[in-house]
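J.: Single-letter residue listing:
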Amino acid sequence: MRTLLLSLVSTIAIGAAVPASAADLTIYTYESFTAEWGPGPQVEKAFEAECGCDVEFVSVADGVALLNRVKLEGVATKADIVLGLDTNLTADAKATGLFLPSGVDRARIDVPGGWSDDTFVPFDYGYFAVVYDSETLKTPPASLKELVEGDANQKIAIQDPRTSTPGLGLLLWVKAVYGDEAPEAWAKLQKRVLTVTPGWSEAYGLFTKGEAPMVLSYTTSPAYHMIAEGTERYQAASFSEGHYLQVEVAAITTTGEKNPLAQKFMDFMTGPGFQDAIPETNWMFPAGQTDKPLNPAFEKLVKPTKTLQIAPEEIAANRKAWVDEWLAVMSK
Amino acid sequence: MNSSRHPDFRILAGLGALAFITLLIGGAFAGLIAEGAGNLSGAYAAFDSYLLRVARFTLWQAMVSTVLSVVPALFVARALSRHPQFPGRGLILHLFAVPLALPAIVVALGVLALYGRAGYFAGIMSAVSGDEWPGIYGLSGILVAHVFFNLPLATRLFLETLNTIPADQWRLASQLGMGARSAFRLIEWPALRAGLPGTAGLVFMLCITSFTIVLTLGGGPRATTLEVAIYQSLRFDFDPARAVVLTLLQIMLTMAVISVLMRLGADTAGDTGLSVAPRRFGAAGIGETMLNGALILTALLFVAGPMLATIIAGLDADLARLAGEASVQKAALTSIVLALLSASLSVVLATALVMARRVFAMRRGNGRKTLAEQATDTGAGFVLVIPPIVVGAGWFMALRHFTDVLAMAPAMVVTVNAVMAMPFAIRAIRPAYDAASERYERLCAQLGLTGWNRIRLLDWPVLCRPLSTAFAFAMALSLGDLGVIALFGSDSVQTLPYLLLARMGSYRTADAAGLALVLGLLCLALILLAGRLGKETPR
Numbered sequence: 047m048r049t050l051l052l053s054l055v056s057t058i059a060i061g062a063a064v065p066a067s068a069a070d071l072t073i074y075t076y077e078s079f080t081a082e083w084g085p086g087p088q089v090e091k092a093f094e095a096e097c098g099c100d101v102e103f104v105s106v107a108d109g110v111a112l113l114n115r116v117k118l119e120g121v122a123t124k125a126d127i128v129l130g131l132d133t134n135l136t137a138d139a140k141a142t143g144l145f146l147p148s149g150v151d152r153a154r155i156d157v158p159g160g161w162s163d164d165t166f167v168p169f170d171y172g173y174f175a176v177v178y179d180s181e182t183l184k185t186p187p188a189s190l191k192e193l194v195e196g197d198a199n200q201k202i203a204i205q206d207p208r209t210s211t212p213g214l215g216l217l218l219w220v221k222a223v224y225g226d227e228a229p230e231a232w233a234k235l236q237k238r239v240l241t242v243t244p245g246w247s248e249a250y251g252l253f254t255k256g257e258a259p260m261v262l263s264y265t266t267s268p269a270y271h272m273i274a275e276g277t278e279r280y281q282a283a284s285f286s287e288g289h290y291l292q293v294e295v296a297a298i299t300t301t302g303e304k305n306p307l308a309q310k311f312m313d314f315m316t317g318p319g320f321q322d323a324i325p326e327t328n329w330m331f332p333a334g335q336t337d338k339p340l341n342p343a344f345e346k347l348v349k350p351t352k353t354l355q356i357a358p359e360e361i362a363a364n365r366k367a368w369v370d371e372w373l374a375v376m377s378k
Numbered sequence: 002m003n004s005s006r007h008p009d010f011r012i013l014a015g016l017g018a019l020a021f022i023t024l025l026i027g028g029a030f031a032g033l034i035a036e037g038a039g040n041l042s043g044a045y046a047a048f049d050s051y052l053l054r055v056a057r058f059t060l061w062q063a064m065v066s067t068v069l070s071v072v073p074a075l076f077v078a079r080a081l082s083r084h085p086q087f088p089g090r091g092l093i094l095h096l097f098a099v100p101l102a103l104p105a106i107v108v109a110l111g112v113l114a115l116y117g118r119a120g121y122f123a124g125i126m127s128a129v130s131g132d133e134w135p136g137i138y139g140l141s142g143i144l145v146a147h148v149f150f151n152l153p154l155a156t157r158l159f160l161e162t163l164n165t166i167p168a169d170q171w172r173l174a175s176q177l178g179m180g181a182r183s184a185f186r187l188i189e190w191p192a193l194r195a196g197l198p199g200t201a202g203l204v205f206m207l208c209i210t211s212f213t214i215v216l217t218l219g220g221g222p223r224a225t226t227l228e229v230a231i232y233q234s235l236r237f238d239f240d241p242a243r244a245v246v247l248t249l250l251q252i253m254l255t256m257a258v259i260s261v262l263m264r265l266g267a268d269t270a271g272d273t274g275l276s277v278a279p280r281r282f283g284a285a286g287i288g289e290t291m292l293n294g295a296l297i298l299t300a301l302l303f304v305a306g307p308m309l310a311t312i313i314a315g316l317d318a319d320l321a322r323l324a325g326e327a328s329v330q331k332a333a334l335t336s337i338v339l340a341l342l343s344a345s346l347s348v349v350l351a352t353a354l355v356m357a358r359r360v361f362a363m364r365r366g367n368g369r370k371t372l373a374e375q376a377t378d379t380g381a382g383f384v385l386v387i388p389p390i391v392v393g394a395g396w397f398m399a400l401r402h403f404t405d406v407l408a409m410a411p412a413m414v415v416t417v418n419a420v421m422a423m424p425f426a427i428r429a430i431r432p433a434y435d436a437a438s439e440r441y442e443r444l445c446a447q448l449g450l451t452g453w454n455r456i457r458l459l460d461w462p463v464l465c466r467p468l469s470t471a472f473a474f475a476m477a478l479s480l481g482d483l484g485v486i487a488l489f490g491s492d493s494v495q496t497l498p499y500l501l502l503a504r505m506g507s508y509r510t511a512d513a514a515g516l517a518l519v520l521g522l523l524c525l526a527l528i529l530l531a532g533r534l535g536k537e538t539p540r
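These protein sequence lines map, in sequence, to chains S and P.
Okay, so the first sequence: first residue is 47 according to the numbering used here, each after it adds one.
Okay, so the second sequence: first residue is 2 according to the numbering used here, each after it adds one.
Just so you know, these hints were derived from the structure itself, not from any lab.
The beta carbon of each residue, even a glycine, is placed where N, CA and C say it ideally should be.
Incorrect hints may appear among the rest.
Unchecked claim - Far from chain P, by Cβ distances over 12 angstroms, these chain S residues were calculated:
(1) Lys184
(2) Tyr224
(3) Gly225
(4) Glu278
(5) Ser377
What the hints assert, rightly or not - In silico lysine-lysine, DSBU-like type, Cα no more than 35 angstroms apart, as pairs:
(6) S:Lys234 x S:Lys346
(7) S:Lys310 x P:Lys370
(8) S:Lys117 x P:Lys331
This is chain S alone, in the form it adopts within the complex (with noise of 0.2 angstroms):
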């Protein structure tokens, strides 16, 4: 008994071990990003074939993590590429000093407003939104003031932003569209909070359970509810005000710079291989150039009028403060 068990231990062990040292090309990402059902494995593949190399995906949890991990390791960094850091960690992620220009031309990128930084090249991006169930609520909020002024007895599951990204993203939407007088906001919109979950999944749980009418979501999750359950029933909310705004990046370390198949994945990245991957997979819109038409339910989704961001620099300097300010209205 006790050989067997040794040795599947030294068989997971091993299986861990060994990828880590064969790979060409080594990509540090998220964890949906590499799951089966994610765009990772179609990726890998279509580059693959292409450059006859070996990719390998590293994943941690999150966009958070990844950033950790990358910060912990330094210059000894494995990653040649670290893929899925939003442009809330961008001026964190730059200051670290380990990512570098890239050459990718900036023509084949195609995110709302346009983008101007080039060492953290766009993958995708998606805007936060406040999805609903439609069987339950007849009358979704049309603005952000609605959803803050309105009955508080419809409720909203929104995400805590010291734990998760789109909490941090609804944060964010609230201070650009009422700056210094978010406090006042939050005050008002805590009454329709049914509860802060930890990350998205909790909150989105709770929504499809039927605890709340409301979760704060994006624009494309109608998308999968309609391709992949052919339902209609949850959609989202449009806000006058505009969305905010989520672009995820990638971009080439110090390790990958000695690495000439690093450029040539970045490259791939903005180019239909990899962009065709993204809609149904990581349910986020390409940021690059796509050979298919996107699949007639992403016509459907909520086209926000406005875009909504706040400058990394000022997000970096700001965060903290913004955390803070929130915390101590909704902890009354």
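With chain S held as given, fit chain P onto it using these hints.
T.: Chain P only, in chain S's frame:
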């Protein structure tokens, strides 16, 4: 005393276990301190009015949760111990270990399926109050979920304690015509009282470190625990010094509460006589039987409700497809192997500590407890309040200079889970071991029965049932772990809870519900198996 002159192997075993635990925790702290020493500003800044509020809420919810879990558990355990023939008793006891294996979010959703705004009871509640039922968000939600986790745990641990009461005492009680009340006061309560601080302490530690339950059911950041602040400091702020300071604060708060708890308890009076009577109780009267039956049923309904909701949700999933998926099969196998390994290691560590503590206590007589005894006693239990993210991140920082951290993942998951489950195993094993030692220690000394022969002939027959309880708990806990695996997990080491969360995180809620069912069933199956192997006849 003969035994004090040459080293007792039990002490060596205990010291070995202590060294192992110290290395695990110390290494993690060293990693964090080495990384955080450069910037201590965050650690100083941690102490503000916000922290004070968080600490106060953390303590408050943990204390109330503990009282609500432990007090009813005393009576449920007593009821179960009075009725060894209660229908389905064995199954109930096995079921009581399952909540520990369920990820917190599964439990939160299970609890809400009953008591939430859209829960089964919402209609009744709304009709009664005339208003729309607001759900149980807030302190009440946190308490219900914590009691769901901990009432069954405390019940089983108390039952272990009650099982150590020598059968002769019961025979004597029935000869004296003792009623249920005097039997409780004179026989059961002294035993329970000895087990109370340990069990209450364990429950308290589980509640003080609660994270997902508190945030999800708490209704807002008013309900925040220190664990959330620690998590935040290691994630968004990436401030190891602050994480260390907050962890130390959490340990100190826990120590303060535990030391108060210890005063409530008493050392077992002990019975050195050999137990000769068969185990049989005087029949309980009809009134008491009804009352006990009602108690057991209420506890069962409370625990089974959210589980049933989890099962019903799980049956909606496409289970056949899930079972056929290679990733699910692989995750299930990984979960089983890792859980079996950590449970085995956990039980070995716990047994070593229990034996060493007993020897220390015997040598001390009535003197003061030595540091070594304290360490093997309550000290080791404090590992529970060290957040897995701290252990994980600390070791990550310590190891990354020397080795491929990802390759260490399985070893880390096994060790950390084993150590985290060890306090549970100690609670299950200790009453039986101490009671046996009280009875047989002198006999062993006279016969020169030591080492392996003693374990084989004496300890094993007495301990095999509590060991299987300990094993079941440790396994359930490791099966449900998400803390360590989330840090060290990679694409090659995926467990079932990990896969469950991943599915949930990408809209596949039905799959996640199905996996929760698979996880629960797997846990139950392993517990039944552990019971078989330990020849457990839950009594």
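J.: Taking the closest pair, is the beta carbon of lysine 184 of chain S still more than 12 angstroms from chain P?
T.: 16 angstroms, holds
J.: Run the distance test for lysine 234 of chain S versus lysine 346 of chain S: straight-line Cα separation, threshold 35 angstroms.
T.: 31 angstroms, holds
J.: Report holds if the minimum CB distance from tyrosine 224 of chain S to chain P is greater than 12 angstroms, and violated otherwise.
T.: 19 angstroms, holds
J.: Measuring Cβ to Cβ, find out whether glycine 225 of chain S lies farther than 12 angstroms from everything in chain P.
T.: 22 angstroms, holds
J.: Does serine 377 of chain S clear chain P by more than 12 angstroms, comparing its Cβ with all Cβ atoms of that chain?
T.: Nearest chain P Cβ is 5 angstroms from serine 377 of chain S, so the label is violated.
J.: Please settle this one: glutamate 278 of chain S was flagged as non-interface, so is its CB more than 12 angstroms from every CB on chain P?
T.: With a cut-off of 12 angstroms, glutamate 278 of chain S remains clear of chain P, as the shortest Cβ separation is near 15 angstroms.
J.: Check the hint pairing lysine 310 of chain S with lysine 370 of chain P against an upper bound of 35 angstroms on the C-alpha distance.
T.: 67 angstroms, violated
J.: Are the Cα positions of lysine 117 of chain S and lysine 331 of chain P separated by 35 angstroms at most?
T.: Holds. Lysine 117 of chain S to lysine 331 of chain P sits at ~32 angstroms (cutoff 35 angstroms).
Against the hints set out earlier in the document, violations occur for numbers 5, 7.
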